[in-house]
Structures are given as C-alpha cells and as structure tokens.
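Protein chains: 2
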Amino acid sequence: MSEAGVAGPDPHAFAALLCDWCLAVSPGDRVGVLSTTLACDLGAALHSAILARDAWPLVSLEPPSLAAERHLAARERHLTEPNPVELALVGALDALVRIHAPQSTTELADVDPARVAMLTRARQPIQEAALALRWCATLSPTPALAQQAGMGTAAYATFVRRALFLDRPDPAGAWRELSERQALLVARLERARQIRIQAEGTDLTLSVAGRRWVNSDGRRNMPSGEVFTAPLERSANGTISFSVPGGPRGSIVSGVRLTLKDGEVVEAHAQRGEQRLLAALATDEGARRLGELGIGTNTGIDRPTGEILLDEKMAGTVHLALGRAYPETGGINRSALHWDLICDLRDGGRLTADGEPVVVDGALEA
Amino acid sequence: MSEAGVAGPDPHAFAALLCDWCLAVSPGDRVGVLSTTLACDLGAALHSAILARDAWPLVSLEPPSLAAERHLAARERHLTEPNPVELALVGALDALVRIHAPQSTTELADVDPARVAMLTRARQPIQEAALALRWCATLSPTPALAQQAGMGTAAYATFVRRALFLDRPDPAGAWRELSERQALLVARLERARQIRIQAEGTDLTLSVAGRRWVNSDGRRNMPSGEVFTAPLERSANGTISFSVPGGPRGSIVSGVRLTLKDGEVVEAHAQRGEQRLLAALATDEGARRLGELGIGTNTGIDRPTGEILLDEKMAGTVHLALGRAYPETGGINRSALHWDLICDLRDGGRLTADGEPVVVDGALEA
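Residue numbers (my numbering), protein chains in the order written: chain A, 1 to 366; chain B, 1001 to 1366.
Just so you know, the hints here were simulated from the structure itself, not pulled from any lab data. For glycine and all other residues, C-beta sits at the position ideal for the given N, C-alpha and C. Where hints are given, some of them may not hold.
[Stated by the list, open to error] Cβ pair distances, simulated, as ranges: (1) B:V1111 / A:L131: 33 to 41 angstroms; (2) B:D1112 / A:A24: 26 to 34 angstroms; (3) B:P1027 / A:P113: 23 to 31 angstroms; (4) A:D20 / B:A1336: 32 to 40 angstroms; (5) B:A1132 / A:G91: 16 to 24 angstroms; (6) A:R168 / B:P1113: 42 to 50 angstroms; (7) B:P1113 / A:D54: 43 to 51 angstroms; (8) B:P1027 / A:L131: 27 to 35 angstroms; (9) A:L131 / B:D1112: 39 to 47 angstroms; (10) A:D54 / B:V1360: 27 to 35 angstroms.
[Unchecked claim] Just a few of them, taken from the derived set where beta-carbon distance is under 7 angstroms, the chain A residues facing chain B: (11) S48; (12) D54; (13) V59; (14) S65; (15) R77; (16) V85; (17) A92; (18) R98; (19) R212.
[Said to hold, decoys possible] Calculated Cβ distances over 10 angstroms to all of chain B for the following chain A residues: (20) S60; (21) L61; (22) M151; (23) Q194; (24) T205; (25) T299.
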C-alpha cells in the first residue's frame, strides 16, 4: 500500500467499524465513548457516526494524567467504593466503547500494587455494569504506545491501521471473513481432546476435552483475531518458553520459561523481571494454573508491540494465561491474576490437536 | 505584577477556588466537570482537588468540534428529546462546573438559528436538572477566546487570571470581600425606586421598586462581580446607547441604540448587525422588554472582550438585558431571548438611584 504508507487509521472509517461491526449501533441506542483527550479525533468521529445512526452519543474524554492520579490521590473512600457518577453513567448506556489512548504505558509503574488491586476491587461494580452492556475495547495510536512498541509514531499508526483491517477496501467484510474462518477452526478444535505445543524450549501438552472455544472476531476487542478456551485445570504437563516480552501494567518481563506438572507451575524463570513473575505466581492459588489457551490469527499484526490487546492476536502465535479463566469457555480457574504469555510459533514451532497439525511454522493448516 | 506578567490562571489555584468558593465541595459530593479537551489542565487539577476534598469527581471533556457537530448532525430525535445519557449523568450529581473552552467563538455562526433554538428547547430538561444542582459556569482561556478579545493568547490568559482574582494572595478572600461590598450596594439599591442612567447618547429611567437585587459574587459565575435585578416591566423610558459590542453566539452587533416607551422598545438601531438586532427583538413579545438591569463591579476586568460572562462584570459598566428575567429578582418578563447589552459609564456616564449617585464616571460612590 505504497500511497498510504504512513497513514494512520482514518477516524471516520474506524468509527464506522466500531459502530457497525463491533457494537451494531441501532436507532435510539445510548452509546458511551470513554477515553483520554488523546483520542479526541476518534471521539469526534464516533460522535458523528453515532448521531448518523440516530443513536445517542456521550463522548467522555479525560485528561490522560487521571489514570495515575486516580490511584495516587485516592483516599479511603475512593479505594473502597465505586465512583457513583461513573456507575450511573454506565448504567444509563446500551453500548460502550473504551478506547485505550495513554500518554505513557508506565503510569502505574511506581504505584503500590496493593493500591492498584484495591482500586480495581472497589471499581468492580462499574466493571460488571460495563460487561453487561454491548461493549468493545479498542485503542487509538499514541506516541506512548508507539514508544512501547519501539516504533516511530507514524509507523505505529500505520501498523495499527493494518491490525484493524482499515487498510482493506471493506474492513467490516474483512472481519466477517475472519469470523467465518475462525468458526471453522473452532469447530475443528471443539472435537479435540489433547493439545500439544512444540517449539524451541517448549514441549507442553494439555487437555481441552469438553471445553468451549470462543471465536473472538473483533466485536469485543478491536482488533481481535483469536480463538481461545480454558485448558482443563489439572491437565498441563511439560515446559513452555514465551518468546514475546510483556507483563502487567507496562512492566517488562521477558524470556519466561515455565514447567507445569498436572496443571500447576512447578518451575518458573525469566531472563528479565523474574521477581515480578514470581510475585505474580504468588498472587493466589489460581495464579499458578492456566486460565486460557489462545491461538492468534490476525495477519495484520506481524510483530509484538508490548500491548497485549494486539500481541495476543498476532497470527502464528499461541498464548497461555496464568490465572483467571473466562466462564464462557467452561473454565473454572479463579484468580485475581490474568496474565497472557505469548509463544511465537513462526520459527519452527507447531501446535497439534490429537496429533493433527493446527499451526505449523506459524501458519494455520487448512 | 511584573514577575507574573504573562502568567495565566494557575490550574491548581483555579481548581481550589472553584471547589471551595464556588461549589463548597464536601466529602462524598458527586461533582461533575464538563468542558472541552482544551480545558485539559484545569480538568486534571479539578480531579485532584475534588479527590483531595474526599468527594467524587467525574471529569468529562468532549472534542471541541462537538459544539457545532451537535447542531449540524442532529437528526429529528436529537432536536426533540434530551440526550438520555447526559440527563442521567447530570441527575447523578450534587454539583457541576461547566468550563467554557471553545476552539472557536463563531462555531454556530452558519447554523440555522431555528435549529439552534430547537436543540436548546430539546435540551431544556438537562438544563433544568443542572440548575437544580450547586453549579458554576466558568471559562478557561483558549486562543479563540483571546482572538475574540483581540488579544494575544498569553496576554488574554493573564487578563483572565486577574478577572478571577487569581493574581491576589487570597483569591477566595478577595471574592468574600467583593461579596461584602456588593451586599452593601444591594442594601442601598433595594431602598431605591427609580434608576436613571446617563451617558453620551443615553438618558433612560426605569423603576426597580419592590424588586430584589441579586449579589452575584462569583459562586455561580466565576468570575462574577455584579449586582442585578429586573426593572418593572412597563417602567423604562428614554434612550440608551450600548458602547460595548456583543451579540448572541459569537455574532457581533455594535453601536446599538434603543429607545423605550413604557418598557417597550419603540426604536432600535445598530451601526453593525442591525438585522440581527431586529430579528432578536422579533423573537417574541417579551424580547422587546427588559429582563435585567445589572451593575458591573469587577475591577480585574478593565476592557470588553466579546465574552458576556466577563464583559457584563466589568467595573464601571451597566447592562440591560432584552428578554427573559431571572425569577429570583421578582421580574416576570418571559422570552426565549436573554441578550445582555452593555453601556460603559467610565467616560462621563452616571447611574443614579432616586437622584443619588451610585456610579459616577465608572466609579461606585461610597
């Protein structure tokens, strides 16, 4: 796409995709748009698009410094109760799009994790009210996200445009096609009992027998492009090396290698950030077990960026999450942790289901 | 103030003034902050200040283009019903600060006035819900407001700082002093029956007998600095020339001269914008009568800027509004119009109450 080599996502095309594919905005719908002031252009485009669909927009952008300020300046009340105004706002909506548009990806690096956890718990009723709506989580390119990816701001915006399929003539059509392809993959995986992942430093087996696979086709995460389930809680055995760096709240943990026995992590190493890895595993009992196995299918995402919303969707990778399972998969592992760790299969790796190849050298087998 | 010659309002001092003097924010209060993304710094400072007062902030900034977009892209539904999400949001608040921070002051210049009026009517329930709260209307300097004032952006910010009394060691104390001075003025004016305004091209008498005067001391308008009432509806006689340009929604009408007989405008001229003046007078029956007489007392405001929130507070000026009276004054004139017109008394003008001087050459008489 030489003529559009440095173009970021067009806000109007992006807004149309969010309204039509992700949220299916209909006349009279009350649609909230929450982000920071850095997503001003996309917020304005969504306002237009929502009005044009004869629905009610509320575009509420906050100063980007509030992400940290909310933690640092919180008093007892703010750490133990949900904000009643936010709760009322979410309660008045039919649909909600949250746009990740940070001024920095390490805003919470210095905040006491116990304080972060307390605020997360206090805000749980808001989160639950939001999950009861039609909702979508997306991102808008910012210099901070580009920096986290180690890319130039303009090049990163172009990359995000591809990840969103906004470089294609019919973005919603492209997502529909992805959805159909993934539906076939889900049908195949739902017949499988045993999954084996092999790559350099990796040979892990786990069972998915009887579990449901979710077709994540860009409606709740934009971009998406993954199918996922929860492995049986005591089934994982072997060792896996995660080649993509990442970690909670902008931290960087890399070179993670885990050995599991009957579903539980019995050995854990990291080249960088090992203390953080061990602390995460000690969160609670469920943090030492797997809550998710996912397979990325998004061919617009060709490299890791440090942002999990994108990285876990990368075609040719699989990810395992330590901690909480999503109930819609049938998984029952509970934890305050949900940390996705990504294993790149593009350089000689493979994933097989009951011995049949599913991903080989990063490519999905037909 | 040489060392602070080009300083704008300090966001934290401004936020403290709004929280403590204007809204009296108390623990547990639910406080909304509505503005555009151009007021990002003040919004962030208010968020901190509200948290520090153990209250609940909701800082909701919108893209500045929405002011026009809301009118231009509105469909039938949006022109006839209030936005249910905004209504729910305002309904969840105890206190509200609206910060005027436009990207342009002529955003609505090309919008059909009938459409503007329709949207205003549709949004009336939101407006009423907001007026039932503790509320404050203020502004944050923007390049557009500076341009409207014919000033440089930095010089304008310094000017606004003075208008807010944020150049004083104890801003809230300065507002308290103004409030006390105005209380004496109100006590004096409430004994008056007949007001006479004289200046070049101006000799107008009107009655205020039995009407209440409001001490506008910066709580609902920040900045403020005026006392106002509603003249008796059939009492105004004479001619008045308004030397300060201004007009609804960023329009400029200047050199207005009105002749009134028994309270009704019987002659109207303007050097610029006469058609707009005549159209305003034709809004409805109440638009040809006066709804307000106000006396500006803010010595931090030494020149007109085109922004009525500031101009009508200018020390040494009086203003009359065509149209709607504020019920708290006892005035009964009704109209969809409320257009403040300002007469500068600083160059030989005077206002007398029952023959006694109140303002002479722009200065309040002791």
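Practice problem: Look at the Cβ atoms of D20 of chain A and A1336 of chain B and judge whether their distance stays inside 32 to 40 angstroms. | Solution: holds, 39 angstroms
Practice problem: Could you let me know if the closest chain B CB is still more than 10 angstroms away from the CB of T299 of chain A? | Solution: holds, 33 angstroms
Quiz item: Taking the CB of P1113 of chain B and the CB of D54 of chain A, does the distance hold inside 43 to 51 angstroms?
Solution: violated, 24 angstroms
Quiz item: Are all C-beta atoms of chain B more than 10 angstroms from that of S60 of chain A?
Solution: violated, 4 angstroms
Practice problem: Report holds if the minimum CB distance from M151 of chain A to chain B is greater than 10 angstroms, and violated otherwise. | Solution: Fine: 25 angstroms to the nearest Cβ keeps M151 of chain A off the interface.
Exercise. Under 7 angstroms, Cβ to Cβ, is where D54 of chain A needs to be relative to chain B, so tell me if that hint holds or is violated.
Key: Constraint on D54 of chain A satisfied, holds at 5 angstroms.
Exercise. Using Cβ atoms only, decide whether S48 of chain A comes closer than 7 angstroms to chain B, and label the hint accordingly.
Key: holds, 6 angstroms
Quiz item: For L61 of chain A, is the shortest beta carbon distance to chain B beyond 10 angstroms?
Solution: violated, 5 angstroms
Exercise. Starting from the range 27 to 35 angstroms, see whether the pair P1027 of chain B and L131 of chain A falls in it by beta-carbon distance.
Key: holds, 30 angstroms
Quiz item: Quick one, is the A92 of chain A hint okay against chain B at 7 angstroms, beta carbons?
Solution: holds, 3 angstroms
Quiz prompt | Status of the R212 of chain A interface restraint (C-beta, 7 angstroms, chain B) | solution = This hint is violated: R212 of chain A lies away from chain B, its Cβ roughly 34 angstroms from the closest one there, beyond 7 angstroms.
Self-check item: Cut-off 7 angstroms, beta-carbon criterion: hint that R98 of chain A touches chain B
Solution: violated, 14 angstroms
Checked against the numbered hints given earlier, the structure breaks hints 7, 10, 18, 19, 20 and 21 and satisfies all the rest.
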